[in-house]
Amino acid sequence: MSHEINSHRLPNGLVLVAETMPWLESAAFTLLLPAGHSRDPSDRLGLANFVCEMVQRGCGPRDSRQFVEDLELLGVDTSAAVLTAHTSFGAAMPAESLFQGLTIHADLVRRPHLPEQQLEDARLVCIQEIRAAEDDLAQLVMTELRRRRYGDPFGRANHGKLEHIERVGVDDLQAHFQRQYRPNGAILGVAGKVDWPQLCEHVESLFGSWEAADPQELDIGAPAGGYHHLPSDSSQTHIGVSFPSAPYPHPHYFRARAAVGILSDGSSSRLFTEVREKRGLVYAVSASCHSLRDRGSVNCYAGTTTERAQETLDVLVAELRRLAEGVQDEELTRLKARIKSALIMQQESSTSRSSSLAFDWYYLDRVRPLEELRAIIDALSAESINAYLRENPPNNFNVVTLGQSPLEAPVAIS
Amino acid sequence: MQFREQKLDNGLQVIAECNPDAYSTAIGFFVDTGARDESADVSGVSHFLEHMVFKGTDRRSAADVNRELDEIGSLSNAFTSEEHTVYYAAVLPEYQSRVVELLGDLMRPALRVDDFDLEKNVILEEIAKYEDQPPFGAVEKCMSLYFQDHPLGNNVLGSVESVEALTAAQMRAYFEQRYGPGNITLAACGNVDFDALVRDASQHCGSWKPHETTRLAPPAHPRCATQVLHKELAAQQYVVQIGSGPAAHDDDRWASRLLATILGDDSGSRFFWEFIDTGLAEYASIGAYEFQGAGALMAFLCCAPADTEANLERIERLQANIQRDGVTDDELKRAKSKVCSHLVLQYERSGNRLFSVGSNWLARRQYRPIRGVVEAYQAVTRDDIARVLAAHPLNIHTTVAVGPLTELRGNGKG
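Residue numbers (the numbering used here), protein chains in the order written: chain A, 1 to 414; chain B, 1001 to 1414.
In case anyone wonders, no lab produced these hints; they're calculated from the structure.
What you are looking at is a predicted structure, and each value in this text was computed from that prediction instead of being measured.
From the three backbone atoms N, C-alpha and C, an ideal C-beta is built for every residue, glycine too.
Take the hints with a grain of salt, since some may be wrong.
Claimed, not checked - Simulated pairs of lysine-lysine, DSBU-like, Cα-Cα distance not exceeding 30 Å:
| id | chain 1 | residue 1 | chain 2 | residue 2 |
| --- | --- | --- | --- | --- |
| 1 | B | K1007 | B | K1333 |
| 2 | B | K1209 | A | K193 |
| 3 | B | K1333 | A | K278 |
| 4 | B | K1120 | B | K1007 |
| 5 | B | K1141 | B | K1007 |
| 6 | B | K1231 | A | K161 |
| 7 | A | K161 | A | K340 |
Claimed, not checked - Simulated restraints, written as ranges between beta carbons of each label pair:
| id | chain 1 | residue 1 | chain 2 | residue 2 | range |
| --- | --- | --- | --- | --- | --- |
| 8 | B | Q1203 | A | G151 | 54 to 62 Å |
| 9 | B | D1329 | A | A379 | 54 to 62 Å |
| 10 | B | D1329 | A | S205 | 31 to 39 Å |
| 11 | A | A212 | B | M1001 | 28 to 36 Å |
| 12 | A | K336 | B | L1343 | 31 to 39 Å |
| 13 | B | R1004 | A | Q178 | 58 to 66 Å |
| 14 | A | D136 | B | H1230 | 14 to 22 Å |
| 15 | A | E372 | B | E1094 | 58 to 66 Å |
| 16 | A | E134 | B | I1396 | 27 to 35 Å |
| 17 | B | R1098 | A | Q178 | 17 to 25 Å |
| 18 | A | N396 | B | R1365 | 32 to 40 Å |
| 19 | B | R1365 | A | P251 | 40 to 48 Å |
| 20 | B | A1225 | A | S205 | 54 to 62 Å |
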């Protein structure tokens, strides 16, 4: 299982990082641009999403139809998403289509037409996304939880606000595109059946002349905290609980991550066992780690029928508090087996690896080789995790509920 | 890659697609039973039984099962559909024997009354979860309305009433009827040691007593009907339309799937350009579904309530156009490229490949290598698609709408 990882930073700041996986027939890339929704102007929330939608409507020599159709003929499976710190364009394809796929995406991010005659259509697409968010009740809770955990701008939802989307004009799009779609802060992760020297040369030819632009300062607001209830005549009460936690770049991140794994990964995990298996309170209950570059959180979800919502919240919070008492060796051993499985199986997916490479670079400014990651996992012990938990017990909870009645939450009402 | 198969004396089929270069081993027990095999008084029993299988056996408690699944680092789950119940796990190759023993043991569950009564709550939570989630049951309601008394109209989850009324004794009786070794296939993909697989299967499953299992497969009759279900809480309107399509054994299923791709794929299809590019709908897509003795083409629409009727008229127009003129060479070429590329990418993960290999065997007692799947798609001609259209006219369908609308004017013919 030899897999080379190489990286190269262009003079304009764009970073290319690639992993060669010769046992695959596919190749994939993840292109991160520093155009996240955290950079939306405060009176144009959702602008990055609008730009992302518009750049796909024709670029370089292709109009919107040719863009879609040429990618289909090459067998390229694409995705696009606006995240907190990035707009991400991803693609997976047969290895022989990689260079063409990259060429088309270079046009996408450098030479989009932003056609005025498609502005209203694109606006409607953005509005559809805003409306869609209203109907997914579990998602509403987690979005609100995030908003209260991080405040503005990191706590935003990517789809923005209806009133702002309605006001966006072509000038807004052009200005935002010029400012935010730039090589400095951009990361291109590539994985699969890839030839490194040829790839390097091709990427240089596509992106070498791209000019850097000044990043702007972000205005960081205060988070809201506390407990918030969203009334709804829903079938279930949806519960979200978050607390602060070490972010990915932090030296103790994996201790925090392991603790959350014991809480929520796998069928013998604590939340599954206590909330679902033993009490039958829920179908869905989970906890996961989320990271920004300099701060992070653990976010928990549970969905339950209204009569049992209070008990569900109580049991969930009790388990979070109990985590501070420490984890057992057997729990950690099982978790390590799962992590090892997942890491090895990831080698079957060029898409998954390309994404890991790009995001690792964003958080760490380098690649973390698999051997290093394995060593970190192997070195985890119940002692080290428990020392971390003693110093960082889950507390400072945020709670958001959606349902027929508010609950008693272990925080101040807000 | 090599395909191996062997039938045990008691009728259990053991099959594997062996790829010594794969990083993982995916194992699954595929049971040829689902919602269609239920009588009305036990509606939901197949799915509830799927849950109960993980609650242990005479040798293992539920906690034992969960612990062991995690100890071997397995990524495992199960699902129930109209026709199949599948239990699967992906593990590192060194755990092949352990996972076969574990899953094999589970397939003779204890079905303890205490576990049954507790897990019933989880099933009821699962039903409530889907009530709060788009499309709010529209698919299930449309299947019921379309198929009427035909078994494929049975709801996989069952209803709150039918699940509440279910007894452990009824579940035991259903299990005895449906989980005979002749009705089960043990399938494996990835890095598989086939001889060990057969040895372990013989040891752990060889004592299962064989008995006859039958499935009623009456023909289904396509019909026109419309039902509008008022859901005031929803922001969007959700519409599902079901019409007939080729069944599981029908060689025209390849053509039908490509037709569905050309007309209604998420990207690049006629629906995409009409509805998604323009922002007229949040989503508008078509999928082909194949069952024993019947098939279905399903259309899914989500849009603003005020746009629903106009969108349904657009769907009618697009269907009429393709019914009359068929597809173009260019469309067919692009669809093949897209579908085949997507398949090849997907199948790089052993877990994904398992579903295809196992389901194909269950439905057709057939193995088709990846190359064979690609060939089947590549062989489809425009005439094949024209024949599918003639046999399954798109304008005959059943419609269910869920959302703020209380009626659909002008769509009475369904």
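*Holds or violated: B/K1141 with B/K1007, Cα cutoff 30 Å?*
violated, 39 Å
*Falls inside 54 to 62 Å, the C-beta gap from B/Q1203 to A/G151?*
Distance hint for B/Q1203, A/G151 holds at roughly 59 Å.
*Distance restraint hint 28 to 36 Å, applied to the beta-carbon atoms of A/A212 and B/M1001*: violated, 48 Å
*Just tell me: holds or violated, for the beta carbon distance of A/K336 and B/L1343 against 31 to 39 Å?*
holds, 34 Å
*Is B/K1231 within 30 Å of A/K161, Cα to Cα?*
holds, 24 Å
*With respect to the beta-carbon atoms only, verify the hint that B/A1225 and A/S205 lie 54 to 62 Å apart.*
Distance hint for B/A1225, A/S205 holds at roughly 59 Å.
*asked:* Quick check: does the Cβ-Cβ distance between B/R1098 and A/Q178 fall within 17 to 25 Å?
replied: violated, 57 Å
*asked:* Is 58 to 66 Å respected by the C-beta to C-beta distance linking B/R1004 and A/Q178?
replied: holds, 59 Å
_Assuming the hint says 31 to 39 Å, is it satisfied by the Cβ distance from B/D1329 to A/S205 or not?_
Since B/D1329 and A/S205 have Cβ atoms about 34 Å apart, the given range 31 to 39 Å holds.
*Is it true that B/D1329 and A/A379 lie within 54 to 62 Å of each other by Cβ?*
Holds, since B/D1329 and A/A379 (Cβ atoms, about 59 Å apart) stay within the stated range.
*Using the beta carbons of A/D136 and B/H1230, state whether their distance is inside 14 to 22 Å or not.*
Since A/D136 and B/H1230 have Cβ atoms about 20 Å apart, the given range 14 to 22 Å holds.
*Does the structure keep A/K161 and A/K340 at a Cα separation of 30 Å or less?*
Given pair A/K161, A/K340 is violated - Cα atoms ~42 Å apart, limit 30 Å.
Checked against the numbered hints above, the structure breaks hints 1, 2, 3, 4, 5, 7, 11, 15, 17, 18, 19 and satisfies the rest.
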